[in-house]
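Asks: Protein chains in written order, with the working numbering: chain V, 1 to 442; chain Z, 1 to 297; chain R, 1 to 345.
Just so you know, not all the hints are guaranteed correct.
[To be verified] Derived BS3-like pairs (lysine-lysine); straight-line CA-CA distance at most 25 Å:
| hint | chain 1 | residue 1 | chain 2 | residue 2 |
| --- | --- | --- | --- | --- |
| 1 | V | Lys435 | V | Lys182 |
| 2 | V | Lys279 | Z | Lys129 |
| 3 | V | Lys262 | Z | Lys129 |
| 4 | V | Lys389 | V | Lys152 |
Bear in mind the hints are in silico, worked out from the structure with no lab data behind them.
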Amino acid sequence: MADRSMNGSVFDSSVRTALCLSLTAILCVVMSDVAGATSRTSTTGPLTIASVQTFSGSTASFGPEQNAGCLTAVGIINGHGGVLHHQLRCVPVDTRSDVVDSVPAVQKVISTTKGLVGALGPSSTTASADVPLLNAAHVPMFADTGQTEFTKKFFKYFYRIIAGDDSVGFAYVIWAKQEGFKRIAAVYVNNSSNEGAVPGILAAIKSLHLKLAVKQAVAPDQTSYNSEVLALEHSKAQVIVGTMDPQTAATYLTDLKNLTGKLLPYYSEHSAAEPVFKKALEGAIGKAAFVKYYRSIHPASVIGGTAFSAFKKTLLTLSIPDPSQWINDPYAQGPYDAVNYMALAMLEAHSTTPTVFAPFIAQVANPGKGKEVVHTFSQGKAAIAAGHKVRYVGIYQDVVLNRFHDSTGGFVVTKLAPPATTAPIYTISSAQVAKVSSGSHS
Amino acid sequence: MNASTIVAAIGFGVVTASILSLGSVGFTLQYGMSNVFNLAFAGVMGGAEYVALAINHAGLNIWPSMALAALFGGAASAALNKFVYMPFIRRGVKTFGMVIITLSVWTIIQYVILAIVGATASSYQLPSKHLYVVGPIRINGIQIILIVIAVVALALLEVFLRRTLWGKAIRGAATNAPLARASGINVSRIMDATWFISGLFAGIAGVALAMNVASFTYTTSGNFLVVLVAAAILGGVGRPSGAMFGALIVGIATEVSAAIFNPAYKDVTAFVLLALVLVAKPAGLFPEAVQRKEVVL
Amino acid sequence: MSNPVVYYVSLLSVYGAVYAMACAGLSLEFGITGVINFGYIIFQAAGAYTAAVLTLGPSSPSDFQHYVGGAHWPFPLPLIAAAVVGAVLSAGVALLGIRRLRSDYLAIVLLVASLIATTVATNATTLVGGDAGLALVPHPLVSLFGNNAEGVGYNLAYAAGAAVLAAACFVVVHRITESPYGRRLRALRENEFAAAAQGISAFRLHLVVVTAGGAMAGLSGGVLVQYISAWAPSGWLYPETFVFFTALIVGGVANNWGAILGAILVPLGIGEGVRYLPQIGSATLMVALQWIVIGLLPLIIFWFRPQGIIPERRRRFVGARVDAPVSPDSLLEEAELVDPSRMEV
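So that you can see chain V by itself, here it is in the shape it has in the complex:
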């Protein structure tokens, strides 16, 4: 070869040395951190619940929302002596809304966390990659995804207490019919979390003999939805159903109001008390319109009662930014219940090892003969100590985990009760959903 470098070594020796030293240092830090996590559970160390969520990107509000629920449950549990002499803690894990980036994030927490006993999330943005990982690591997770993948495929450590996409579609249409509407517009953001409801919407429309006015999969984060709104107007839809993220929904409804001079009733899975959603919509269409037109359809949760009071009381003591915003948010309440399920399962199993206590989660959640119904961790702890089997009924009502660990519980239709809470209007039971869903096959 004719090439020869004249100027000696490829790179300065000082740079080379610095490089080697710093790489070695980094490696040592990482390896010690990693190697320290030799056992999953120690005798007295804290137990970790990983809060796997999106903390950045367009759904960046999901992370703090889920975390608030986690911190509240953990606060109560620790205040009552923890679980089997272990304190609990929540560790946030940002998936960066990116399937590829979430895998190392999740695996890092699996590998470097002593005493990882459970997880909240992941959300549908990254669930397809993260769920198998957590499942393989035997980490029970209460996921925030309605994707039909998890209605059809069994993952032993996957649990879901929010609605599956396939059933929520039915719920929308059942309520629309209840309100006397005939022409329904399905408008939803074209991402994995919201498209899944469409087959249910279409099937329910057919089964209940209603009409699909128009179906629109909108791209999120666009500056305007004028064309979609005109098409909606042209279709003479009477009601809009389908989930959009807060900002997209706000823009869409504003365009609807601006262009047509009026709004239509709108149903989605966001709770009217979800702070980001509420703020976005109230800011865009005004508080009065938000109360008048928006209905939320989500798994039945109750504002009031023992579980809710305990949740609210401790939530307000947390040192996170503005904790009061999450009081009535079902997607902060769900994670709270989830942590309680896991904690009580651990108590019933007398073990903090996930492979041992995981089967008890369904036991603690589902109804059964001879089970004492409890509404808080302290009640549950006392009951278990007294030798009883428990069923925890938290803020979410009607949770029944099927063999896929998906909850087939019913829905509640709520509206905003100003200033920041919700009022239930109607309950849609799982039996009603099943009836409509089977009716569509006839």
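Fit chains Z and R to the supplied structure of chain V, relying on the hints for placement.
Replies: Same frame as chain V, but now just chains Z and R:
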């Protein structure tokens, strides 16, 4: 889809174009002067959005808030250039490296905003909007004002660049900095002025965008950046008047395509248009007389 | 070390190898030849989707995911197909674009193509699974390890395999850059007009280089998707390309070790390293801080070492080989110390 929806779409397109033009003109001014492909432009827009939000929620009407936010944008842009970009350029970084630097700066700005504001959606307190219907065209009072603001701002800019001494100095320095310097022009001050002016446009564009979108988050300006840049490049980089027309074309084309095809592909129209223009007429539709490749010191 | 730890280390190794493969391809295109492919991530995505679809088998209407095509090809065919798809797509781009467009315009067109690609992939929900993408992609050759894809054996083997593939890519890049071919490429990068005057066909060289780069990108996608078992548009948005460019510039342009170093330092080191920052304040604040550090580090490195950590070797024609015939190649051999930040777009 019929004639009236297309005419209506043209109306929407004009509104979009006015916001786009503010942004693309600002972007192209910076690029034209310094040859820096400043992705952090979206960061300045975002910052201005939230400055306006704070002022607006403190009680001031949206229009003076916009003006103050514009001033913030101008100052921030000028500072960005003077204290971040210029030092790197003096250190020898040239055009390509600067792209990575502006990207890094944008990342930092974006997440500083997230850290301060949080992962929430915000809205301005706007005066009520009256809907005007002219045939198939529907437009509300605020959008009309935004169009007027855009037209006035752009007209003022053109007058400034062509008629005033400062404006001519800017055009001179943008075309040939060494020659300008040799002619006695204080190029450094001219650059500061240019970045300040383009930052004003960034501020107005950001607030206008946030107003039109009705609800914005820390990622809103970033989502807008790509179409904005497409409009700027379409019009020919460095030419504010070109950027204006680029914005008009992109704004109308995207809205009309949304009326005809699936609106989710709205932005794709802008991109396809840009790609076609670059293949057919690479310098843009309204190219500059002189093509420069160096960053200007 | 326990199982999860081994898994984590092998995961990081696989990611490192994948990034290195991608950086190798980009290094060939950009570092050596000066083609600014701002749509580079498309080719990795194409490779990933190809490998995924060719191992998932055809999708049925009742399935939870829908995509075109589908087969159950055995290892290593899906990987080869991934590389081929990356190569063919890249060649297509070269044929369409390189001849017509100056480098900076080509860069923008490619960037735009990347945007269009993610939009189409997201909205055409039956094409490649839409926004949810493809999931449960089978791992290759699991049966050799007792069908235990989470076991130590399989993961170490996968990491080793990925490393071997990455090394192979670098060997290819090395062979190209150290050959007379490489001299022509560098000549092309430095001064296209002078090179043309010497009779060097820009287009053919570009075509070959871009095709090879695309093949490596596709291969990297295939290796990655078969490891993490999932792929979605969120994983290949247009800024990902800039991550690779940053990696090359930080590590050092136009040399293999620089590309490897950059791949390990930037996407792996900075991207994953910031997760070890201590938690202060709220979760959102912590995440914002991680991203701020991700933005700061390239700036810091650019400031102190703009030529990259391992700069390109200065090459001079040494008169030692006096018997070597003077050829057009040798006259073009001398190249300045390459400072990638000084590269003209």
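Asks: State for each hint whether it applies.
Replies: Hint by hint, here is what the structure shows:
no.	hint	in the structure
1	Lys435/V with Lys182/V	holds (19 Å)
2	Lys279/V with Lys129/Z	holds (20 Å)
3	Lys262/V with Lys129/Z	holds (13 Å)
4	Lys389/V with Lys152/V	violated (30 Å)
The structure fails to meet hint 4 from the earlier list, while all remaining hints are met.
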